[in-house]
Amino acid sequence: MSAASYQRKLSFLLIVLALFFCTIQHASAKLDESADKWQNTLSVARGQTVFFYAWGGSKPINDYLRWASRQILTEYGVRLKHVKVADISEAVSRLKAEDGKKSAIDLVWINGENFAFLKQHQLLLGNLWEYIPNTRLLATDVLPLDADFGVKMDGFEVPWGVGQFNFIVSKAMASATSVTAESLLNLAKTHPQQLSYPRPPEFHGSTFLKQLLVELSNQDERLFKPATNKSKAELLPKFWAYLDKLHPFLWQQGEAFPSSSSEQMLLFQQRQLLLTVSFNPNQLHRDIAANAIPADSSLMYFEQGSITNSHNLAIPKGAPSKEGAKIVINFLLSERAQKRKLEGEWGDPSVISELQNTDSSLPSQQELHSSWQQVIEDAWQQRYGA
Amino acid sequence: MATTIRRLIIGLGWLLLAMIISLPVIGVLIGIWPGRFASVDALIDNLPLFLNYNGLGPSILYSMLASLVAPLVGFYVAFSVYTQYRFRPSWQTMERRLAPFLSLPHLAVALGLVYLFSAGGLIELGLGRKSITTLILAITVKEVPFFLFVISAIDRQIPVKKWLLQGRALGYSESASWWLLVFPLVLKQSKLALFAAMAYTLSVLDVSLLVGPNIPSVFSVLVYQWQTGFSERDLSFAFWANLTLIIMLGVSIFCLYIHQWISIRLFRYLAVMASPLVMLSKLSRLALAWFPLFSALSLGIILLFLLRSVGFWSGETYSLTLWQEEWLFVQQPLFNSLYTGLASGLIGIICALIALELQRQYRYFFADYIWLAAILLPQLSVVYGWQLAHTWINGSYSLIWVLVSHIPFVFAYSYLVLKGPFQSLGDEFELVARSFGYSYWQGWWRIRFMLLRPAILSAFAIGFSVSIAQYIPTLMIGAGRFPSITTEAVAIASGRDLNLTSLYMLLQSGLPMLIFIVAILFASRIDGKSHAIS
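Chains as they are written, first to last, in my numbering: chain A, 1 to 386; chain B, 387 to 920.
Everything labelled a hint here was simulated from the structure, so no lab data went into it. What you were told as hints is all true, and nothing was included just to trick you.
Chain B stretches covered by chain A per the calculated footprint, using a threshold of three residues with CB under 8 Å from any CB of chain A: (1) 421-432; (2) 776-785; (3) 864-873.
Simulated pairs of lysine to aspartate or glutamate, DMTMM-like, Cα-Cα distance not exceeding 25 Å: (4) A:Lys245 to A:Glu255; (5) A:Lys119 to B:Glu618; (6) A:Lys232 to B:Glu618; (7) A:Lys81 to B:Glu712; (8) A:Lys81 to A:Asp99; (9) A:Lys232 to B:Asp431; (10) A:Lys339 to B:Glu711; (11) A:Lys152 to B:Glu618; (12) B:Lys574 to B:Glu481; (13) A:Lys171 to B:Glu510; (14) A:Lys119 to B:Asp427; (15) A:Lys152 to A:Asp99; (16) B:Lys547 to B:Asp813; (17) A:Lys230 to B:Glu618; (18) A:Lys101 to B:Glu618; (19) A:Lys225 to B:Glu618; (20) A:Lys81 to B:Glu711.
Ideal Cβ positions, reconstructed from N, Cα and C, are used throughout, including at glycine.
Next up, chain B with everything else stripped away, as it sits in the complex (with noise of 0.2 Å):
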């Protein structure tokens, strides 16, 4: 009887993961078909046009780069930081300060860099209005302290300290140690988080809009163009472009994959050689800058914006005038994305910690884009086959499909966070528990569980930001009866009125910089007790 209920638990496991996992997939092969609107003659027809399309070859081109050079260049910024922050006592508080830069969407941070440095910004440093470069550098900013906190809770669960010690004892420094025994591993467990980060770039819409080169556009803008086109050609191109699209996706994570596999070994190679990575430690030491630009960075941003949305530069005197307006009309979606944000994580952890433990008891990890499908596949086609098929099948707009069309991304999510740490931790605790009489589950829920709370934590306040983050499926799916704070901040955004912009993108950024610091305060203080158990 028992077997039996416990071979229904995990039959029920699989089922729910697979259909997590199918969803995103469905959503692509429904949604990326023109349907009635154009024929697959006028497809087929419409192909060579599609690659004699001017500027298609360089658009592709400064996307692959953009999505290559900055997660890379991110990851190992974050890591430098990380390096040489790591045991300082401002560590704590530099991790709290994180937590501001990783909620502001990255539109607010596009917007802050053209505010502050572009020419006519408030400090001119020449950078350009529109350029790839802009591009790269804004999303680069972004995403150091995402994996910089990443990286911190993979770090949680290895004993950093015990080999830099060794490493010491190897006579190497403690730069090189970090570089040649941690970094491998840590590259390795944030492979996901590369994933998303390059996902992201390749098909983000908004930043490129505002700072990405338009002659010619990067590729997202032009899938988008064809995407919300009518014409049977513009419907057609936007197929191809979603195939060729995938394709990318495709080759950047074997790009990711072949620097991976360069990279250790290259770490590996210097290793045996007389004094190691001298050139890296100093180019580490800069990192230490990174804090205090940083910090100046994300207060700057903050603070413009706050002044923006009291009417600073729009008038005489600042007024309150625009907040008291707006407060009665932002509670509800804020409520809303509370909920969906709160209801999403939970289950979004939930189902994470489901499908690693499954596949820990099958012994047997599948592949990581897997995983990940819902954010790798093109969003917009994603979500246009779920409207399609929520619409065939009569859907409502409530709460409960939002969520469902949440949890796909906000799962992919937490997974990413919680695979490195979750396969890092051995079954040795687990063992011994049993060995004292504890059930499996007990042993699981009292050690794994446990000793995975950082990391779960974190994994929390990231999925939930995600999910705050959603607007296409949350209009889309949710058919404008469920309002979130940020429908409303992106359709905000589209005008021209900064106060109000910068009012909203404030408000969008209060609910998981909460989360944010209450996860990190929470994590190191967990981290702390099981540091001093040790």
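Only chain A is shown next, with the shape it has when bound in the complex (with noise of 0.2 Å):
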């Protein structure tokens, strides 16, 4: 090997390394960097006062916004205000008004049609999981955390926690867990009138749909890619046939439909239906614990998995206290505030890596594009609603 060779390599390896340095320094730098922008932030927060507009129908939520803003003002200075509403539309249509001008509102629980909304409007501030320590523990590698209802976050949103579909059921219908579209229009049949879902678009109920089509249609890939004329063609009859065999067995014969699931779960408590819908696999036993529900209900979920989706955090772009919100965010995140919302009364799954425990979470099956919803929503309507 010639001296020239040898003076080559050498410089190349140097040239590597001092490269290899770089980089690590850069790292640092801008680990350093962030370190600081988040001291920065911490001070900048300190007095602020946050104003969360988060849904407000759940005493066990309402009352952990409560444990959290007491923790938040003790350890960093940081006013937390839960704005309950009874429908987070009424935030949405808040920052549409405001139009990304100052804003009444530093933080909003959002997920779904209303983050693809804001999102795509720019109403949301971005860059949110640079600046946020603590996504770094979010459990990205398990949980299908980067899209939000085949919209990927960007950044423009912060998961909180997990919804997976269920059903809760009386035993006096069925025990067995997990349930198919051919098992579930038996039991439609051999217990008549005591069977519904909420009626779409409220989003339990089309969420009910989306889990039908996605096993009449075999989890076929096209369902989660924008829906075409063609994939609607080929995909959709199977589905519209089993809910025409369906629905004469439903309450009321499919001719009133509960209209949220708050309400189907009155007529759950009133024993008019075996069965009711829910987002959180924890409710059952949170239910039972609270006498809200008989000890004998049970858990019982689609065999082909739950559709499992996020719901979300995000601060406007006009937010005032943008850095009280990150404040919020960041506990929000951290493995004590994640451990008591899936421990304590909530009992909402978590969405951080440390807290992964497969007891509490189900089979998971993936969110549909979100395209499918408005297809099988108004199909629905067309077909159903009058």
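Hints given; two lone chains; assemble the complex.
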């Protein structure tokens, strides 16, 4: 080997080494920089008040946020105010009215269509994952956390908890834990008038339909891509044929549906229905513990997996207390907060790696592309809505 | 100089009224447009799709049916009850018992009915769980005490006893005299209350979702669904739906006018018949059953909620834990509601009196729908428009703005309660007072105001309860800085915790109940005095 060749190799090595050190240095500088930034955020946030728009219909959730407010106030000097809304569209409507200018909202609890709309119209603050240290704890390897109903999060929202579609069923009906479209139809036949689902476009109802569609089309790949006329024509007929068979056996022969999962729960409690719907796999145990439902009720989910999605936190672009809002998100992602959320009365599955246990989560089924939701809802209205 | 000041004051009065009246109109003009989220082309392109929406026709028919039947049936029942009880000693007890029912939110009454009478309820009456009949029934039941309250405010200004005596002198039975002599006037003066109940029925959302049909849904549910949607199509549909809603309101108002015309003519026609209204008299006697039924129902609902709130059905023992836990958090909302209710109630009364007095001086009363614009126009669009404007001017999220957002509604209700009694008071007494040397305003205060006190108290109580009930304006304009007992209660009721919902509904009813009781007690006392004088 010639000296020149050695020299070349050596210089190559040197360059590589130099590059390597540079990267390390750069990375650590970046780390320092972001640590600095976070320090800065912490000090700016002190004294801020964060107005957090979140659905206010659940006592365990409201209580959890009351607890979080106390913690955040003592630890960071940030005041968290839960603005209870009956429907989060009320927050979206305000953001629409403000159109990116100074906002009354600092933090909002959203997912799905709400997020897609706000992101599309650039009403949200970006780069949240970069700024908020605890996003590194997110279990991105095991949970589908990069997209929200098929729309990439791209740092415009941060996952807070996980929803998995499931049924709570009365002992009078079934004890099996999993269900297929076919076994569900049989249950409906053997228990006529005692099954139902929330009327679409209510999201539990729409999810129920999506579960059926996925199963009846053998998890066809086209369901995870934008719906086309061809895919619609090929995948939907079987699904409608199934619903045509199912509906006559439903509560009120399918001539009325519960308006919401809350109403379905009410009917379940009154024993008018033997089945209710939930997005929280731990709901069953919490409800039994609270004596809200009979102790022998059980959980049931679709055999091919529960449609799984996350519910998330986002900061409006015009939020006056952005720093405070980031502190709140960071706290809510911390192991302590996530643990209390999972193990406390709420029982909402965690999004961080440390707390991924298989006991409290169900086999999961990927969300369909969001275009399918509209397709199903429209066609449902056309076929059964009047 | 004096005339200049007087003109200035009158000018300012008109200006104030113009502002209150134009607020809802401005709101709806701004709020109805989807703005940059849907183009005009999209609006036009979506019109045929909107018209072809599956179930649109039946939805509209359901809503129209409910909006006419519920108020009218409620009104007739209320008047029948009134004729049966007015001169019984139990009337005052009954009036007092109206208070709790008047102050229960509509949703609470609907929930109570479902809990008590539907399949799976405590007493099975086979009440359909979700049907247009149940929806109409729930609203009618709730409107009866409202109309009774309004009728009794009107009644205090007319010499019913004298009329009934005259009726007897003419050979009519007492019941026939009620319908032939008193009813036409009461109907005319209740026109605005009927409008309000009609507009409420047309736009009510929570009750429709709970007990209304949903294959297809009533129209208000569709409007809400589109208005809170995102796609260009949803927003375009929302635009057309809001226009449709306004047209429906117009048609309903027209129908109510027609009803009034026919009904008054019918009674006039019946008056010359030999023994008129035998059937009606018999039917009216059925109204005697109303008092015990109604008392049982309101007691049942309140008891149900009380027991729920102490966890009666969800554990072996009941406890006050829920009350203890929530008490800390409901104080501020309760106080916020109280302040807003008192302030807007007072301002509402003053503005209504200004409106009536200025029209009296002007010798022209403007059409009623102008004054009731806030109640008649679709509230979600109106308030969304306000929210936009409030954002443009960078308004603060303070009590002042929340008040501004409540006043148009409170004003409209105060006006509808006061208009009849105000107009039925002639000028004679004031003329006499002036001949004794009192100035115009002295005479106004000492005679008109004093005679109107019972009606004013009723109007205040209604206005107060209307302010308490405002969810959308308080949330949208107060932006969460101003939580009221209603913003909390409505949010809680969207969930499925019935114990907590019961607790909040009781709390939400508490404030109006107090005010209604005070108003009814004072009104009957004042009433007694003025009767003693005359």
